[in-house]
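Number of protein chains: 2
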Amino acid sequence: MKVIEKPKDIVDSSKIELQAGSSMTHNRKRRSFLRNSIAMASGAGALGVSAVASGQDLPVPESNKQMGRSIPPEEYGLPSKFEAQVKRRRSDILVNRQNFSDWSMTPLQSQPGITTPNGLFFERHHNGVPDINPDTHVLALHGMVRKPLKLSMSDLMRYPSVSKFYFMECSGNGLTDWLKPASKTVQQTHGLLSCAQWTGVPVSWLLDEAGMLPEVKWLIAEGADGSAHLRSIPVEKMLDDALLVYAMNGEMLRPENGYPLRLFIPGWEGNVSVKWLRRIKAGTEPWHVRGETARYTDPMPNGMWRKFSFVMEAKSVVTRPSGGMNLQRGFNEIQGFAWSGNGKIAAVDVTVDGGKTWQQAVLEDPVIDKCLTRFRFNWNWQGGPAVIASRAVDSTGYVQPTVEDIKKSRAIVGFVQHHNGIFPWNVSASGEVTNGIG
Amino acid sequence: MKVIEKPKDIVDSSKIELQAGSSMTHNRKRRSFLRNSIAMASGAGALGVSAVASGQDLPVPESNKQMGRSIPPEEYGLPSKFEAQVKRRRSDILVNRQNFSDWSMTPLQSQPGITTPNGLFFERHHNGVPDINPDTHVLALHGMVRKPLKLSMSDLMRYPSVSKFYFMECSGNGLTDWLKPASKTVQQTHGLLSCAQWTGVPVSWLLDEAGMLPEVKWLIAEGADGSAHLRSIPVEKMLDDALLVYAMNGEMLRPENGYPLRLFIPGWEGNVSVKWLRRIKAGTEPWHVRGETARYTDPMPNGMWRKFSFVMEAKSVVTRPSGGMNLQRGFNEIQGFAWSGNGKIAAVDVTVDGGKTWQQAVLEDPVIDKCLTRFRFNWNWQGGPAVIASRAVDSTGYVQPTVEDIKKSRAIVGFVQHHNGIFPWNVSASGEVTNGIG
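Heads up: the sequence lines are chains A and B, in that order.
Okay, so the first sequence: first residue is 13 according to our numbering, each after it adds one.
Okay, so the second sequence: first residue is 13 according to our numbering, each after it adds one.
If you are wondering where the hints come from, they were derived from the structure by calculation, not from laboratory data.
Just to be clear, a hint being listed does not mean it is correct.
[What the hints assert, rightly or not] One-sided and incomplete, this derived list gives chain A residues near chain B with beta-carbon spacing under 10 Å:
#: 1; residue: Ala-96
#: 2; residue: Arg-102
#: 3; residue: Asp-104
#: 4; residue: Pro-129
#: 5; residue: Ala-152
#: 6; residue: Arg-170
#: 7; residue: Phe-320
#: 8; residue: Glu-345
#: 9; residue: Trp-370
#: 10; residue: Arg-386
#: 11; residue: Gln-394
#: 12; residue: Gly-395
#: 13; residue: Gly-396
[Said to hold, decoys possible] BS3-like cross-link-like pairs, simulated, lysine-lysine; straight-line CA separation at most 25 Å:
#: 14; chain 1: B; residue 1: Lys-162; chain 2: A; residue 2: Lys-162
#: 15; chain 1: B; residue 1: Lys-419; chain 2: A; residue 2: Lys-77
#: 16; chain 1: A; residue 1: Lys-162; chain 2: A; residue 2: Lys-229
Quantities reported herein were computed from a predicted structural model and do not represent experimental measurements.
C-beta atoms are modelled at their ideal positions from N, C-alpha and C, and glycine is treated no differently.
Bound-form chain A, shown alone (with noise of 0.2 Å):
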């Protein structure tokens, strides 16, 4: 018989043994941690579970008693009225509006799972969501090539197509974040990331098709948006993994993701992943664009600003107990996410103590290259003042850095992007969660 185990990784101060795993077979008499753990914090009842002494604690409900909605002849389905409050949101800390160059942001703090819904996944766009019809749209390969080409969806979905999962983040994610609190949830310091399973072909089998010339080094990806959104990208990265995506989570790409085709380069800051994508021309050298010089550039320590920093370093944040929320004594399972645009996550370590001590958290499967990971980690909380992070490794042994080793390498001034530095909630005595940064 296969059991599920319960997590074996457990803080446990009051030195309680503990009793995981094995508890869950059919030895019943055996007590379980968590059983103990809630003797332990409070009396029985910690979890708030009572005994039901008869049928008459048993009352029937009043949806038992009356026939509920039926089914329409066609619909897509959408959550209950009871969680009204999970929504993508829009930033209330940085706002500029007169472009419609906007973001909203996904609620991590109510993400079970690695893939976020779509209806939850952030956006970011530098003129606004254009509505486009798939019937009209066209992809162009042009540039460096010995055939250039022009395909409609109708010719790209006649392709194989591959599925992945893959994380997506904007470089600009915890950009309000680095040196002192700006924030109060985990949407808001961290909620420019989202997961999802995509769908589309190859960028490498389309050039093969193009006749790419072999002097070419860079490409640019135009989209059909109001900004004409352009982004050079070496041509090593594209015929590495680049996809054409027109599907993500199990159904087309929703406008607000690029709706019908978009390019997707795992791993790297979002915004080269250009959305409504109509044009890939091949070249030698990166075309320098306003998004390559005015925007997503790093300042260095020396006065000079970093023109390309692609990859999305290995980094990690606890999204559960996360600023807002008001943590209960006793058992509490901190959970988050962590992920690597260099490769898979390789390990995942939890302080509570502001980093004074670091035990490993348990990492859920599946595990996956460029994808968000779950981590778990059990907690007792014996009141008293907190403060929990997590600090994520990847496959290379890149681990993931504090803040203070940022400033070794680059300038903090302003709202810098690339913020991949390790990030901490405070809890009060009282368990009020907050921002910890500073």
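Fit chain B to the known structure of chain A by using the hints.
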């Protein structure tokens, strides 16, 4: 450099040499299979690609010339208006609406990837969808336990959780199409099938908390809906991998899928995964409720009816091409899903000649236990009639049977449950795809 390879398993009736994989590397002089197949099928342009001669062939679309839609302060996003045809649909083959016992079906023909969007996840209700407030919902564990328990949703959500990818299939999936065609599309023939990543708490942990007595052999689960749906489940399965599920695909359950709490019994017929779960009672015998006598039973050749047929055995179906589509000559990727309630999918074979010959399809990663697995198979259709079908093999060695095989051990009379037979699609000489049963 990593390269995503074009699939190598190709039906190539013209014997043109195939050059998969390496054609996508820097060796750009080699012609790829796809270009060969284009040329072979109907000359250049079989996939509709056309040359871009000059800048005049790249007109700037209107969407580049205007600002798009701005982001609202908060939102739960929806699909493009151009995807309005992708809906789950109520059955129009069998209608039984006098008691709100009904079902809706997933548009599998439109599902890339392995998970089904929650808005398209199939439904089956015995008396409509209740609208349950999670703040007042209670789960009771009682019967033969030392300490009966009542848990609120917030109690339950303090437990550690697990997230698992699993398919869900209704036992009645395919019941209209055993011997002759009744349905047109794969949504109608196989759409009582979906897949999600489910999040919840192992039932075994709570039974351990409650101190289940050693003599318990069966448990019964009851829903809080208008049908008070009940099913008896053997204790071994409850302790093995059954979950108390509150979330799917990265958000809380949808109302029609059991919000705020359902039982989830991996790999078994959907109706045992009782939705709107309000109690689990432990006992020594099955309860022989209506769902175990009047429903969900299988007729045998000897006139007797088999009462419990829990496991959904290995099955597969081609979703592209499928009923209602029109095939174009030349290259076509045959796609579909395979799944087994007994383990992982080990292999899928595809036939294009009605079962005379079979060839192995490519399985796409990740291949997960009791989860939808996508298979792909490259095919060059030269015109002329064809009969396409798939055959799954699971990790136990079980091979998906033909309907003729199933008839040897079961009576196929009326609307029989548990149809996992091989399912063919006919392709006419002009490329029209229709239900090929019988």
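Against the structure, the hints come out as follows:
1. A least Cβ separation of about 8 Å between A/Ala-96 and chain B falls short of the 10 Å threshold, and the interface hint therefore holds.
2. Nearest Cβ of chain B to the Cβ of A/Arg-102: about 5 Å, under the 10 Å cut. The hint holds.
3. Hint status for A/Asp-104: holds, given a least beta-carbon distance of 8 Å to chain B, under 10 Å.
4. For A/Pro-129, the interface hint holds, the least distance from its beta-carbon to any beta-carbon of chain B being 5 Å, beneath 10 Å.
5. Below 10 Å, beta-carbon pairs count as interface contacts, and A/Ala-152 has one with chain B at about 5 Å; its hint therefore holds.
6. Here the hint on A/Arg-170 is kept, as its CB sits about 5 Å from the closest CB of chain B, short of 10 Å.
7. Restraint check, A/Phe-320 versus chain B: the minimum CB separation of about 19 Å is more than 10 Å; hint violated.
8. Interface restraint check for A/Glu-345: the shortest CB-CB distance to chain B comes to about 4 Å, inside 10 Å, so the restraint holds.
9. Given the 10 Å rule on beta carbons, the hint for A/Trp-370 is violated: about 20 Å separates it from the nearest Cβ of chain B.
10. Because the smallest distance between the Cβ of A/Arg-386 and any Cβ of chain B comes to about 7 Å, under 10 Å, the interface hint for this residue holds.
11. The closest approach between the C-beta of A/Gln-394 and any C-beta of chain B is roughly 16 Å, which is over the 10 Å cut-off, so the hint fails.
12. With a least beta-carbon distance of about 16 Å to chain B, the hint placing A/Gly-395 at the interface is violated under the 10 Å criterion.
13. Below 10 Å, beta-carbon pairs count as interface contacts, and A/Gly-396 has none with chain B, the closest being about 19 Å; its hint is therefore violated.
14. Between B/Lys-162 and A/Lys-162 the alpha-carbon distance is near 63 Å, which puts this suggested pair outside the 25 Å criterion.
15. Between B/Lys-419 and A/Lys-77 the alpha-carbon distance is near 41 Å, which puts this suggested pair outside the 25 Å criterion.
16. Distance hint between A/Lys-162 and A/Lys-229 is fulfilled; the C-alpha atoms sit about 21 Å from each other, no more than 25 Å.
In this structure, the hints that do not hold are numbers 7, 9, 11, 12, 13, 14, 15, in rising order.
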